[in-house]
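Residue numbers (this note's numbering), protein chains in the order written: chain U, 1 to 353; chain A, 1 to 353.
It cannot be assumed that every hint is accurate.
Pairs count within a copy or across copies, as identical chains cannot be separated in the list.
With a cut-off of at most 30 Å between alpha-carbon atoms, the simulated DSS-like pairs for lysine-lysine come out as follows [what the hints assert, rightly or not]:
id : residue 1 : residue 2
1  : LYS10     : LYS226
2  : LYS50     : LYS337
3  : LYS22     : LYS310
4  : LYS349    : LYS268
5  : LYS7      : LYS171
6  : LYS226    : LYS7
7  : LYS337    : LYS310
8  : LYS268    : LYS286
9  : LYS10     : LYS103
Quick caveat, the hints were computed from the structure, so don't treat them as lab data.
Protein chains: 2
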Amino acid sequence: MSRFWSKNTKNLTPYVPGEQPKDRKFIKLNTNENPYPPSPRVKERIQNFKLDDLRLYPNIEGAIIKQAVAKHYDIPERQVFAGNGSDEVLALAFKTFFDNTTKVGFPDVTYSFYPVYCALYEIPFVKVPVKENFSIDFTHYGKDLKGIIFANPNAPTGSYVSPDVIEELLKERPDTLFIVDEAYIDFGGESCVPLISMYDNLLVVHTLSKSRALAGLRIGLAMGCKELIEGLVRVKDSFNSYPLDTLAQVAAEAAILDTQYFNDTRQKIIETREWTQRKLRELGVKVQDSMANFLFVSIPGISGPEALLKLREQGILVRNFSMPKISDWLRITIGTKEDMEFLVQTIKKIMAG
Amino acid sequence: MSRFWSKNTKNLTPYVPGEQPKDRKFIKLNTNENPYPPSPRVKERIQNFKLDDLRLYPNIEGAIIKQAVAKHYDIPERQVFAGNGSDEVLALAFKTFFDNTTKVGFPDVTYSFYPVYCALYEIPFVKVPVKENFSIDFTHYGKDLKGIIFANPNAPTGSYVSPDVIEELLKERPDTLFIVDEAYIDFGGESCVPLISMYDNLLVVHTLSKSRALAGLRIGLAMGCKELIEGLVRVKDSFNSYPLDTLAQVAAEAAILDTQYFNDTRQKIIETREWTQRKLRELGVKVQDSMANFLFVSIPGISGPEALLKLREQGILVRNFSMPKISDWLRITIGTKEDMEFLVQTIKKIMAG
Numbered sequence: 001m002s003r004f005w006s007k008n009t010k011n012l013t014p015y016v017p018g019e020q021p022k023d024r025k026f027i028k029l030n031t032n033e034n035p036y037p038p039s040p041r042v043k044e045r046i047q048n049f050k051l052d053d054l055r056l057y058p059n060i061e062g063a064i065i066k067q068a069v070a071k072h073y074d075i076p077e078r079q080v081f082a083g084n085g086s087d088e089v090l091a092l093a094f095k096t097f098f099d100n101t102t103k104v105g106f107p108d109v110t111y112s113f114y115p116v117y118c119a120l121y122e123i124p125f126v127k128v129p130v131k132e133n134f135s136i137d138f139t140h141y142g143k144d145l146k147g148i149i150f151a152n153p154n155a156p157t158g159s160y161v162s163p164d165v166i167e168e169l170l171k172e173r174p175d176t177l178f179i180v181d182e183a184y185i186d187f188g189g190e191s192c193v194p195l196i197s198m199y200d201n202l203l204v205v206h207t208l209s210k211s212r213a214l215a216g217l218r219i220g221l222a223m224g225c226k227e228l229i230e231g232l233v234r235v236k237d238s239f240n241s242y243p244l245d246t247l248a249q250v251a252a253e254a255a256i257l258d259t260q261y262f263n264d265t266r267q268k269i270i271e272t273r274e275w276t277q278r279k280l281r282e283l284g285v286k287v288q289d290s291m292a293n294f295l296f297v298s299i300p301g302i303s304g305p306e307a308l309l310k311l312r313e314q315g316i317l318v319r320n321f322s323m324p325k326i327s328d329w330l331r332i333t334i335g336t337k338e339d340m341e342f343l344v345q346t347i348k349k350i351m352a353g
Numbered sequence: 001m002s003r004f005w006s007k008n009t010k011n012l013t014p015y016v017p018g019e020q021p022k023d024r025k026f027i028k029l030n031t032n033e034n035p036y037p038p039s040p041r042v043k044e045r046i047q048n049f050k051l052d053d054l055r056l057y058p059n060i061e062g063a064i065i066k067q068a069v070a071k072h073y074d075i076p077e078r079q080v081f082a083g084n085g086s087d088e089v090l091a092l093a094f095k096t097f098f099d100n101t102t103k104v105g106f107p108d109v110t111y112s113f114y115p116v117y118c119a120l121y122e123i124p125f126v127k128v129p130v131k132e133n134f135s136i137d138f139t140h141y142g143k144d145l146k147g148i149i150f151a152n153p154n155a156p157t158g159s160y161v162s163p164d165v166i167e168e169l170l171k172e173r174p175d176t177l178f179i180v181d182e183a184y185i186d187f188g189g190e191s192c193v194p195l196i197s198m199y200d201n202l203l204v205v206h207t208l209s210k211s212r213a214l215a216g217l218r219i220g221l222a223m224g225c226k227e228l229i230e231g232l233v234r235v236k237d238s239f240n241s242y243p244l245d246t247l248a249q250v251a252a253e254a255a256i257l258d259t260q261y262f263n264d265t266r267q268k269i270i271e272t273r274e275w276t277q278r279k280l281r282e283l284g285v286k287v288q289d290s291m292a293n294f295l296f297v298s299i300p301g302i303s304g305p306e307a308l309l310k311l312r313e314q315g316i317l318v319r320n321f322s323m324p325k326i327s328d329w330l331r332i333t334i335g336t337k338e339d340m341e342f343l344v345q346t347i348k349k350i351m352a353g
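Put together the whole structure using the sequences plus the hints.
Take a look at the structure:
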C-alpha cells in the first residue's frame, strides 16, 4: 500500500476474472469464450486495413460501430453507445446514473463485478437472494431502489427472464432504471432491445466477447433512449475521449454485419449445450437449464473446489465461485463438440472415483 | 437530459478533443499526431497475428507491454502500468490517489483534461497561473496540495522543465504526489523515469500516440514506485479487467522495441520543428521555444480564432483555445517538411492580407 492511495482505493476488493493460463495447454471452459474464431470478415477487414492510418486518432464517436448496430437492431444510431468491452460500459453506466445518494439492487447470485463498481463509486447497494432454483425473485426488490441490474441470461446460473416479464417490471416501476446485461442473450434468449423505444427506464448492455468471438478486442455496447445514451457519452468524454481503437472499430462492424456466420456459430453452441446437458444429466449430474453459452452444474458427492481441481488435473479449466450458496456448483463454458465429449468422459471418470 | 442522470453527470463539462475531419482532405496539424506511420515492425506483427486468437481474452496484465517498457527504460516490470491511452491512465490516476478530501494543483495553462477529471471524481483543484513567458511557476503551489500535475513539455505551450528542477520539487515536497505527463517528452526533452526508483512521490505518464505514431491504438503507460502502480491496478481491476486489447498489446511491444525507427522519426520531427520555428520567426510570427511535436505561435495583428479560420480555408487544421490568456495563440502540430513548407507559405500569405 502507498500512503498516496485514497481511502476508497484502500477499501477496494477488485473483481477477479477467470484464469488465462500461460504455460500449459488446457481445454479452456472457464471464461465463456467462444470456441469458434471470429467471422472471416473480421480477419479480412483487419488484414486489409491500412495500418499506416494507426498514426491517427480513432473516430471519437465509434460511428461505424453505431451504424452497424443500428442496422442490425433497426434502431436509431443515437440510441447506441460503444465502449471498451461491456465491463467498461457497465462501469460508466454505474457512474453516470448512480451515486452515494441512490441505492441499487441486484441478485445475490449474478455477475460479481456489480458490487465492485458500487465500491468504486461508493454507491449503496442491496443484494436480493435468488430463489431456490436460482431464478431471480423480482418481488423482493425495495421501492427505494433507483436502479436494478441483472444479467439475462443470468451468470453464472444461466437462468433466463423473458422480455414480457421485464416489460411488466418497466411499467410497474417507471422511476427505477433497469440495466439488463445481455452478455449471453444470443444463445437462445430474446433480447429486450425492442423495448428501449418504449421505455426510458431501460438500458440494455451487450458485448462482442461471447457470441461474436471478439473477447480479444474489447467491444461493449449499450442501447437505450437517447437521453440515457447522452449521459453515458458525457461521462465517457470526461474519462477517456477515445476508448475504442480503430482496429476494434472496423472489426466490430465486420462482426456485427456478418449475420450468417453469427447465426451458424451460435446455433452450433446451442446444440452442443443441449447435447452436453443431456449427457451430464444421464450421468446423474445436476444441471441447471441454461440459455447461455455455459452450463451451471453440480456433481453429486464432490465439492465445487474439488471438482474444479480434478478437472484441472485432467487438462480442463472451469470456474467455481466461493459464495457458499453456489460453492458446490461449477460454471462450464460450452466449447466445441470434441471439448464437451472429453468433458463428459472426464466427469464420468471422476464420478467413478 | 434524463431524469436518471446523477447530479455529478448533470454538472460535467466534458473535454473536447481536436476535430477529426471526415469529409474534406486537410493537412491535419490540430491533434499532435505523428506525420510518419508506425514502425514497420508494428505492421508486420499485426499482419502475422493469428486473428483466430481474438476469440480469447487478452493478457490481463498487459505483460508483454510491461516487459517491453521495462527493457526500454531499464526498470522493473512491477513499476509499469499500461492502460487504454494516456487519457485513461490519467483518469485512473486521479481516481486512485485523490478524492473530495484532497486538493490538487496544476497550471492554468496545461492539458485541459485535468480539470475534467477533477469534476468527474469531485476532486477540489486549484489552477496556478503560469508566468508571462508561459513557463510553470512552481513557487505558487500551496503546501496543502496532495497532488501536483503538469504536462512536461507542457501543452499547448511547449515549455519544458528539466529533471533537475523536478527532482528538487520531489525532495522539497515529499508528501505531495507529482504526476508528470510526459506525452511529448520524446521530442527533445529528458524523461523523469530514472527518478521513479528514488522517489515514491513521482508518477510519470507516457503515451504511444505521439512519438510512436499509434494514436489509433490507444496505449498509455504510467511508471512509478511499485506501491503507486499497485494502486492503479486495484482501481483498474475495479473498473475494467481488460482495458488493452490483444492487437494493441502486440503492436505496443513492437513499437517500443524498434528503437532505431523511433529515433529516426523523432529526429526528423525535431529538425522540422526547428526549421519551422526559424522560418516563422523570420516572418515576424511570435513562436515559443518548444520541446514538443508542436509549436505555440501567435500571428501579429490576427486573433487566434481568425487565424484558425483563415488556415482552415487554405486546407490546414490547427488548434486554438478559448481561454483568454492564450486565445491569440495557435497550437500547430509538426507535420512532414512538406506540410510545414505549405504552412509557412500560407501564414506568409495571410499576413500579407
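**Q.** Hints violated by the structure (listed by number, smallest first)
**A.** none
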